[in-house]
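Engineer: Protein chains in written order, with my numbering: chain H, 3 to 374; chain L, 3 to 374.
Hints listed in this document are in silico derivations from the structure and should not be mistaken for laboratory results. Just to be clear, a hint being listed does not mean it is correct.
What the hints assert, rightly or not - Here are some chain L residues pointing at chain H (derived, C-beta under 8 Å):
hint, residue
1, Thr35
2, Leu43
3, Arg115
Quick caveat, the model's predicted, so the values are computed rather than measured. Glycine residues also receive a C-beta, built at the ideal position from the N, C-alpha and C atoms.
Listed below, chain by chain, are the residues.
2 protein chains.
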Amino acid sequence: MTPRYAQRRARVADALRQEGLDALALNPGPALTYLFGHRFLLLERPILGIITREGRSALIVPELERAAATRVLPDGVYAYPDDPDQWAPAVTRALRELGLTQGRIGIEPNRLRVQELWLLQQAAPAARIVDAGPLLAEQRAVKDPEELAAIRRAVAVAEAAWRDLLPQWQPGVTEAEMARRLTVALLALGSQTELPFEPIIAFGEHAAEPHAQPGERVLVEGDLILVDWGARVDGYVSDMTRLAILSSTVPEDLAHAATAVQDAVNAALRAARVGAPAGAVDQAARATLAAQGLADAFIHRTGHGLGLDVHEPPYLYEGNERALQARMVFTIEPGVYLPGRWGVRWEHMVHLTDEGPEVLTQLPLDIVRLRA
Amino acid sequence: MTPRYAQRRARVADALRQEGLDALALNPGPALTYLFGHRFLLLERPILGIITREGRSALIVPELERAAATRVLPDGVYAYPDDPDQWAPAVTRALRELGLTQGRIGIEPNRLRVQELWLLQQAAPAARIVDAGPLLAEQRAVKDPEELAAIRRAVAVAEAAWRDLLPQWQPGVTEAEMARRLTVALLALGSQTELPFEPIIAFGEHAAEPHAQPGERVLVEGDLILVDWGARVDGYVSDMTRLAILSSTVPEDLAHAATAVQDAVNAALRAARVGAPAGAVDQAARATLAAQGLADAFIHRTGHGLGLDVHEPPYLYEGNERALQARMVFTIEPGVYLPGRWGVRWEHMVHLTDEGPEVLTQLPLDIVRLRA
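Just chain H, with the same shape it has in the complex:
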């Protein structure tokens, strides 16, 4: 339809031929949005986007999505009536008409559900289902200028929301209440309602859990505040982590950890070069923390790519040999976690250029002292 998406599908068809695949079959998710230009919802009814090596496309959708599907793909929509018995016939008909009764059909294993796998296998028992995750990641990891501009806008919205919230960290507020206010601020400032993820807001000892969920913990004087949040603008996301403290001073051990993590961020930034393996960035952050005796307190990888999805390749984990490329966008977010006490994480977003990493996030890596 729009040349942009048709071009992307043509590029994927090229990649399919190169990799010896006959087709791609996608569930709703960022890759489907990326290739078809409409964000279908993943609900109980199967929706499949198909692209063949010859560059033919199809969308298998329930009848109530026919209009949206036809808008982005005038030819190739297979709409089925709203009855589970109609799912298999629709998939079978689409695959038969596309000539996909055998061969190798690529899928995204971390997106496609078993329900759709079984429908594909039933429709084409002679076909082999194979992992096309890397092929798709390759297409999506390098951002075009339009995508990068949307990411920059998502960063700006998220950072403005952080500033809006600063006066509101007062004793007695709960994590859940502040997560609600942060969400409202993000939307008021222009984020789409579908945030990349629910904000993580963790007070004091709760910050020792990297994926803490905001709860009824009440903020008290002296508490560390960890916030991990992002916005979505034109489909693209931001993701950052900053710290504040309800105090005029930072305890020495916490300050020491914050500096160590900041050093780890800087080491990772120095290692982030076009052509370097993704694992080298992780290694740089990890070695910095290990030199401070904090190796065991850093319990996750150093970062992840982001774009239409908040977690997508490249993943910056130990030993990942994948070479970084120009125009990739990813986070650098080392952390140290002391169970029962606190956690410290700094999360920057980085756009890799031939000259090195451009840090997209502008908020400094300082623990904001909320008391004079």
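Since the structure of chain H is provided, determine the placement of chain L on it from the hints.
Structural biologist: Using the frame of chain H, we list chain L on its own:
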């Protein structure tokens, strides 16, 4: 841990024995939340909850989720380091220690991803993976009083947000802007930040698409406004659809359709009886619209169950033989759609009792006239 979740897992173990299954393996989603009491996020890393027929449980999680997992399951957490190469060993070790190297392992096909399916198959090549969706649906479809109370709160929050928004439908606002304001109102009134779904707000001809996504369409005098929205409170959701018009009158054809759809709702309510097949409710709505010559304009099923998930069994579609039970909660939402012109849908939420359906949604089925 908490008796509530241990009891639910024990009930599932009973069901596994009755159905001749050896275990259940779940991805993050409503069933995992229902059975373990923590809402893990479905990200790229595999998370699996396992329950065996003997009633043993395990959670396979990345290291950064170890604390949360241990809180809800002090024994049985398998945490792996943040590296994809560690996924298969963790799953293999868990299944081996649970004695699950063969037998029948039940999954939810519309939740489990191929990634986790492949990990299970790799860890237990002799095991058979089978559909346990109906078994789990059976457990979750009948709500206990605590669940019902949460659903009632979610209805109240959503209805209050509708009332808050009424003065704000003014010429010049866009669908997307009003979706943002509705989201803010829902959160301000007490909804959790993770809404059951992004509100559907469709003006005029956009309402002809049941799953229209709010966009830049501007509201003008005379427009019909369709809103399909819900809130989430204590994990449980609401889901309703109402109509307004930026006019003091309703065009005759629209009024006629609205009445026909209301008649279909009433017919469906009369058919919603304990012991009746779910399909009979759909049939009652469908026949009512067919009698008005609107059969082809009703392009989806009549309703769906809801609870922790916004779409869950029972599904009210033509021919569904599943018998309705007391304490099920589901929507009744027939609609008629005229492409290029408008759409009309009324969506009630219903709690089925032995005496018949209790309508949970209080807002009347009237097109609100926004002009005096």
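Engineer: Mind listing which of the numbered hints don't hold for this structure, in increasing order?
Structural biologist: 1
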